[in-house]
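> Chain by chain, the residues:
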Amino acid sequence: MFATIARRAAQALPTLLLVSVLVFLLQQAMPGDPASILAGEDQNPILIAQIRHELLLDRSLPVQYFHWLGGVLHGDFGISWRNRSPIAGLILTKLPVTLQLGSMAFIIAVLVGIPSGIVAAVGRNTWWDHLANAIGLAGLSTPNFWLGIMLILLVSVHLGWLPPSGYVSLAEDWRQSLATTIMPAFVLGNAIAAVLMRHTRSAMLTALDQDYVRTARAKGLSEWRVVLRHALRNALIPVVTLGALELGTLFAGAVLTEQVFTIPGFGKLVVDAVFNRDYPVVQGVVLVTATLTILLNLAADLLYVAINPRLRNG
Amino acid sequence: MRRLFAFTALIALAAPALARAEDVPSQTLKIALREDADALDPSLGRSYVGRIVFASMCDKLFDINDKLEVVPQLATSYAWEDPKTLRIELRPGVKFQDGTEMDAEAVKYSLMRHLTMQGSARRGEISTLESVEVTGPRTVKLHLKAPTSPLIAQLTDRAGMIVSPKAAEAEGKDFALHPVCAGPFKFVERVPQDHIILERFADYWDAKDIHFARVIFQPIVDSTARLANLRSGAVDLDEWVIPSDVPAVKADPKLQLLTSPGLGYQSINFNLAHGPRAAGPISKDARVRRAFELAIDRDALSQVVFNGLLTPTAQAVQQGSPFYAKSVQPKPRDLAAAKKLLAEAGVKTPVTVTVNVPNSPEIIQVMEVVQAMVGEAGFDLKLNTMEFATSLDAADRGDFEAYMIQWSGRTDADGNLWNFVHTGGPLNYPAYSNPDVDHALEAARATTDIPTRAALYEKVAQQQEADLPILYLYGLRNLVGVSKKVVGYVPVPDGIVRLQGVTLAK
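From first to last, the protein sequence lines are chains S and P. Going by the working numbering, 64 is the number at position 64 of the first sequence; the sequence numbering is gapless. Going by the working numbering, 39 is the number at position 39 of the second sequence; the sequence numbering is gapless.
Okay, chain P solo, but in the shape it has when bound (with noise of 0.2 angstroms):
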């Protein structure tokens, strides 16, 4: 009995001792990326993995979760007091990885660097912002120059990082080789095209929701060695798995994938007036274009390319969405109403039709397969593969009469459609223009009552659905594969990498 008291006192007694060594993590996590990120800096960078790297480095205002809620994160609340101004009361007690306070200062500093600064590429995002007004040590009220409700949204991405104005001021241009934050993870040393290594900061706001030492960000551009490396333990999770691995990666008893549906999608644009090259039937008629659509079957494109992974989608918002619009929905394929389309259009067929093609192996095996269903009902479908940025020039110049492109989606139904459909909106490559569609875009934009806001983006859907300048085919996936040591990772539908609450098992 004696010698089981001295046991249990002594558990006791080391209890405190355990416990503070397990408060101190000392494992690191290394993260594949499908690419080197860009510059490491919030207002500069422009890269889709920047966002990842970003996500440990930089706490936003807010963040979204996996259910796209908006949630506070270096802001404890927000208030609209009138469509153009929006209050914004900060977390306290939050340090910059420099040491410095993160308060109401340094929050219209970033956003006004944000704004200002040259070669920003957020200016774009908040441009709505006049001017920042700070109210209080930890209050900030935002000033816009019109009822802009995306801004939230916006703020929960790059737009919303708040960096130390010590070390912006003291970096100047160079800010992107030393980036000081109030994230998780400060930096701490970046070799271009190799990898990226951040350090756990003590003094983080959540830090008893990070349990590594270190992060490494490790860019693998080639798929098949990624994925090489996450089976061989090299790295412990790849945010970028293609739809011809998953099964490598399911077949693996070490790997689990982990999956959730992600906010951009995959589409077809037809040329509508852009240029001399919007002169065939496909630009000059919806009727053909929808006959296009009907002779494509998306689910048996989803089963024959991606194993059935990806959700056919007839529609820039994704499911799970408020702003999903439920009468939108893809239509099952329909050769005979295709072809009787084609006859009310009077045109002679087989309708000649080429399509620009990013050069990614996948991607032409999906247009193979659309050129295939579109032959059976009247088009000569004529794939023009070429070099990523060859494409997007030749899309700005109009040189096109389709093209397929990818949208990697944002959180708001706004960052999918204003710049796509708008007129006159940098991503409008068809040079469409319909005055309801920019009414019920403008009207979204002015409100912030989420039921209403659906209810317009619904009527951009449904008018979308019959012009059809952009054919939508299936909703992107995010397919992550994780060692089956890591627990607790969350994915969320924007594909980020967020740490807090994920562990490393020995």
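Next comes chain S alone, as it looks inside the complex (with noise of 0.2 angstroms):
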């Protein structure tokens, strides 16, 4: 285990650079001068001329990242070149809210999502699983932002049950943390509630008709005790490939949903971000997020041997 944990950690580094340097040179193709974008309305050539002196922007392309990338290893991440922010400051305090409303999306996903494809494939054409169907396909073809709107519209606007946006931490106060994310979480966790219940059913479907399963039944066992214990075990195996895979769709979703209800997470740093040409926070952004995605794919594999003992060992 700690073996492939380390061989892992050694692979991620490279990795890592190179995702960032490809990062870098993204943003230099992207169109749009930073120094002129920040200068403001007024496009000051002199005030113009400064931000670019100031940020290195006149010097070349190696000694700019050079520069960032010595920053970094030194645990300095810069600051923000639009509010003057440490970024390092700004990723701590947005990171955890992401994965707030991260979490409890993906917990809506698969507590919805694993069930209803259990009980599609144990009800297979019967109208469970049709119903199952429907709102699935309902669920991955609505798009993020129109849901969340609709959402505000009816439970802010017209209900008024929750508030539309002011996010709070859950230290804060968890009861006013969850009524703000509840929202954001149900719509992001609800096109992936619909990617895990369809293959859910598809891999249960499997399952189910395998040898395995009939010898179970002929034992006698329950029903349920045969799909539970026996079926979904099985079926699970791709389920958390799918899921530690969806957690960059979670990302991705994060940055609408999150401009939608205004909480101040990731996706909202690196949208702003992105639009103002605050190319250091940009940077910082996705050398975080490629890091997580790098561990959360480590934690899917130690998953599968904790699921499926057959890959123990292996």
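Hints are computed from structural coordinates only; laboratory data are not their basis. Remember, predicted model here, so these are calculated numbers, not experimental data. Be careful, since some hints might not be right.
Beyond 10 angstroms from chain S on every Cβ pair, some chain P residues (computed) [claimed, not checked]:
1) Ser-127
2) Pro-332
3) Ala-345
4) Pro-435
5) Thr-452
To be clear about the criterion: a stretch of chain S counts as covered by chain P if any three or more of its residues have a C-beta under 8 angstroms from a C-beta of chain P, and this derived list gives those stretches [unchecked claim]:
6) 155-168
7) 246-254
Ideal Cβ placement from N, Cα and C applies to all residues, glycine included.
Relying on the hints, combine the two individually framed chains into one complex.
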């Protein structure tokens, strides 16, 4: 287990370096001059020249990149070009927000997606199955931002049940925190629930046709025991892989959802940074996101082993 | 009778206590902003919404009122001793939010900070300033390099904001994270992209007019989400309602829409001489540009896209300003005249023109209507939509034939004209150059006499009408959505939210 973790960590370093170079180059390819965006509406040429100098934009690309990398290696992500806040601080305040939102969304997705997939598979071609499929299709095809706006209009404006914005952290006031994140978590979880449902269903259908399931039934086990202990356990492996992959979707979806619900998370941070050409913020966020993705994939691999003993010592 | 007397006495005794309780406001006002502010340092701030936050935090030497008049704020009066010397008298008894006194030395410190600080966005605005002389504890003299009448207008904005020298020295580069000024509310906390919290400053010089304990600014970028927040009561004021949301605000019994004419405009810039793209007939011949203008029905445009809310205009200075040129009015649509002009110019129709349009749904809609209108006169208008930063970059490089761009506007006419039409101005994307216009703009800067300046700006407007480097479409309008509980809010043309005298009914 430790060997696996160490090997994966060693593999991760060059990946991260590559990601940081790629992001750096991609930003250079983006049209638009950060100095002129930062100079504001007046476009004062003296100011633009000054900004360019201050931010090293008048130096060569390798100088800019290594200056940034040198800072990161010393634990200094620099300051935001736009609002002058230290980026490490920005990431530390925003990451927990998106993690909270993402975890809630994922819990919702798992609680809805997996049981409905099981029900659909067990009751194949019954109206339970059709209903689950219909809901799954709707979940997949509804755009996040549209669902978000509709929920705000219904739940916040017309019914007045939940606040449409005004995030507070769990530590500050957990009730208010849940109240402000439950809608965006639902929106975000909804699409993933649909994916999980469809995959659980098909994996379960395959598993239920296997010989060991027939054997389990022949032994006289109760149907629910057969489904949950024997079929589901095997069916879950592809679902876990998919879940780990969907975490990427979660981050991407957070970009739009956070914008609509004004959740001060990672997604909002990166969108605003891209539009404002706030390069060091984009680089910092991407680096942290890449690290997280690598960690989550590693966690998924470890989880397979926990779920399926056949993979142990493999 | 005795009972009545006792009751009256009780009221009389209780009244001062009640009044005191009212003296210390306890309410919070929540304001939704269209985007997050940038650096909260008056020397560094560059964003429009940043000015809204500053208005509650940092008083300026002067302010403007709803009639666009310059009114005193931290200064009590000013006088031009000669065209290059401005004497300013300061308000006595003003304290910064750190308890230190706002005096002539502090004014000198702040103005020099604006002028010399690394990265200062104010330097260009007050570059005419040579030195600041402290002539008394509450008197300063500003010595200018050249006569510059628009300086007063600059001092009604961020360049006129005075910061606490003690705090600025102590914080250094981090001042934007803990700003200290002499305004009605002091800075408490900021979580970027989430909120900015300000708290009432008890020793504010005009504290009697401030009726909130706290103000919270919340950036909500999505306009639909911003409106939903206003409708649900999560915020009390939305500083930027988009025109298509106006019917929803009007239909909501809990809300009111407060509007004021803005200072800015929406315009189409034609590339006259900025690089190789200035080669088409629209660049070469003013008659083609005039034909383009005559094909546009600005009233219909305002009706179709903005429910008639925006005022058609043909000049950079908006109505209500003393510098508005009455002789320059938007022309009614005249297709026959437009076609005649094109024939005179001898161009082959359809004349193909590509316009760069920043990627906002509303602006694209405007250009689609324009596209249909000018199509009837013989123009084939192609829309090239692009993200804003990209469009700005293209404009800088001269990579455009026509460019749709908005200007938020300034109180003084100079701020809407010089940079755009003076030869070599930083926002002169068309590369327009006309010696008469240059001379008039220079002369207008050199005099403080308003009628003389107005006459000069009128000349500029007339010349622009003939040359048409910039086609002005309509003046902007501030549309502020406010809860009906908010009382006493006065919209000012600059769109900045001022909280003096505003209260919140329970």
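> Minimum Cβ separation between Ala-345 (chain P) and chain S greater than 10 angstroms?
holds, 32 angstroms
> Can we trust that Pro-332 (chain P) is non-interface, i.e. its beta-carbon lies farther than 10 angstroms from all of chain S?
holds, 31 angstroms
> Test coverage of the stretch 246-254 of chain S by chain P using CB-CB distances below 8 angstroms; three residues minimum.
As far as the stretch 246-254 of chain S goes, the hint is violated, because 0 residues have Cβ atoms under 8 angstroms from chain P.
> Far enough from chain S: is every CB of that chain over 10 angstroms from the CB of Thr-452 (chain P)?
holds, 26 angstroms
> Decide, holds or violated, for the assertion that all CB atoms of chain S are farther than 10 angstroms from the CB of Pro-435 (chain P).
Non-interface label on Pro-435 (chain P) holds, nearest chain S Cβ at 22 angstroms vs cutoff 10 angstroms.
> With 10 angstroms as the threshold, tell me whether Ser-127 (chain P) passes as away from chain S on beta-carbon distances.
Non-interface label fails for Ser-127 (chain P): nearest chain S Cβ at 8 angstroms, not farther than 10 angstroms.
> Taking 8 angstroms as the Cβ threshold, is the statement that the stretch 155-168 of chain S is covered by chain P upheld or broken by the three-residue rule?
n = 8 at 8 angstroms, threshold three: holds.
Checked against the numbered hints above, the structure violates hints 1 and 7; every other hint is satisfied.
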